[in-house]
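Chains as they are written, first to last, in my numbering: chain G, 789 to 900; chain L, 5 to 118.
These are calculated hints, taken from the structure and not from any lab test. Keep in mind that a hint or two might mislead.
Once the Cα atoms are required to be at most 30 Å apart in a straight line, the calculated DSBU-like pairs of lysine-lysine come out as [unchecked claim]:
hint: 1; chain 1: G; residue 1: K857; chain 2: G; residue 2: K830
hint: 2; chain 1: G; residue 1: K866; chain 2: G; residue 2: K847
hint: 3; chain 1: L; residue 1: K61; chain 2: L; residue 2: K19
hint: 4; chain 1: G; residue 1: K830; chain 2: G; residue 2: K846
hint: 5; chain 1: G; residue 1: K857; chain 2: G; residue 2: K846
hint: 6; chain 1: G; residue 1: K847; chain 2: G; residue 2: K857
hint: 7; chain 1: L; residue 1: K61; chain 2: G; residue 2: K830
hint: 8; chain 1: G; residue 1: K830; chain 2: L; residue 2: K19
hint: 9; chain 1: G; residue 1: K830; chain 2: L; residue 2: K15
hint: 10; chain 1: G; residue 1: K830; chain 2: L; residue 2: K21
hint: 11; chain 1: G; residue 1: K866; chain 2: G; residue 2: K830
Predicted model only: the values in this text are computed from it and were never measured.
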Amino acid sequence: ILNVEQSPQSLHVQEGDSTNFTCSFPSSNFYALHWYRWETAKSPEALFVMTLNGDEKKKGRISATLNTKEGYSYLYIKGSQPEDSATYLCARIPNSGNQFYFGTGTSLTVIP
Amino acid sequence: GAGVSQSPSNKVTEKGKDVELRCDPISGHTALYWYRQSLGQGLEFLIYFQGNSAPDKSGLPSDRFSAERTGGSVSTLTIQRTQQEDSAVYLCASSLAAGDQPQHFGDGTRLSIL
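Just chain G, same shape as in the assembly (with noise of 0.2 Å):
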């Protein structure tokens, strides 16, 4: 992988759903893996910052899982509400520490 993936590109589901969704990554030169979530009409906003392999994070119903060996991250999101409807956004960073890859982002409808 050259570039940073993510999928679904779009994702629906009912409230009340967990879901998740994948960032995929070069897994050498790593140094930090973003997560950020982008309201319409609204800047983006960080959720996560991952750096070690292994790396669990949790804030309310959304969680995120980072493995940097095989180069992917998972982000749950447990039971969905109409609020979590966004476009989520995952970054890596490189060893140098200065430049950040996004991904196109998944954009996740939570349908009430």
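Position chain L against the provided structure of chain G, taking the given hints into account.
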């Protein structure tokens, strides 16, 4: 405290004109980034400032694009001789340090080139 502030929020201009976009980062944040999002695309890195170090300009798409950061605070992104493909949302973000600190984004400037 105040978040990252960008101005203008919207800018419509004619092809060939120069435009200047402004970013006020969060006070104390040494790292400042510019990104753009073109229609249907992801966030594209443009330039990065860290303290007094020389900026990382490797993401600037052409020599029509330039940016500066005065006094380690306010930054301006200048696009000269704008082209229609420059139409995008330009986002600025700041953080305490690079890489392992979360970025705080402004609301962006929506630039439309006629």
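So, going through the hints one by one against the coordinates:
In summary, the hint linking K857/G to K830/G is not supported, as the alpha carbons are separated by about 34 Å, beyond the 30 Å threshold. For the hint pairing K866/G with K847/G, the CA-to-CA distance comes to about 11 Å; that is within 30 Å, so the pair holds. The straight-line distance between the Cα atoms of K61/L and K19/L is roughly 24 Å, inside the 30 Å bound, and the hint therefore holds. For the proposed pair K830/G and K846/G, the alpha carbon gap of about 23 Å is at most 30 Å, so the pair holds.
Of the pairs offered as hints, the one joining K857/G and K846/G holds, with about 21 Å between alpha carbons and a cut-off of 30 Å not exceeded. For the hint linking K847/G to K857/G, the alpha-carbon distance of about 24 Å falls within 30 Å, and the restraint holds. Between the alpha carbons of K61/L and K830/G the distance comes to roughly 26 Å, so the proposed pair stays at or under 30 Å and holds. The hinted pair formed by K830/G and K19/L meets the criterion: a straight-line CA distance of about 28 Å does not exceed 30 Å.
Proximity of K830/G to K15/L is assessed by CA-CA distance (about 17 Å); at most 30 Å being required, the pair is judged to hold. Between the alpha carbons of K830/G and K21/L the distance comes to roughly 28 Å, so the proposed pair stays at or under 30 Å and holds. About 23 Å separates the Cα atoms of K866/G and K830/G, which keeps this hinted pair within 30 Å; it holds.
When each numbered hint is compared with the structure, a violation occurs for hint 1 only.
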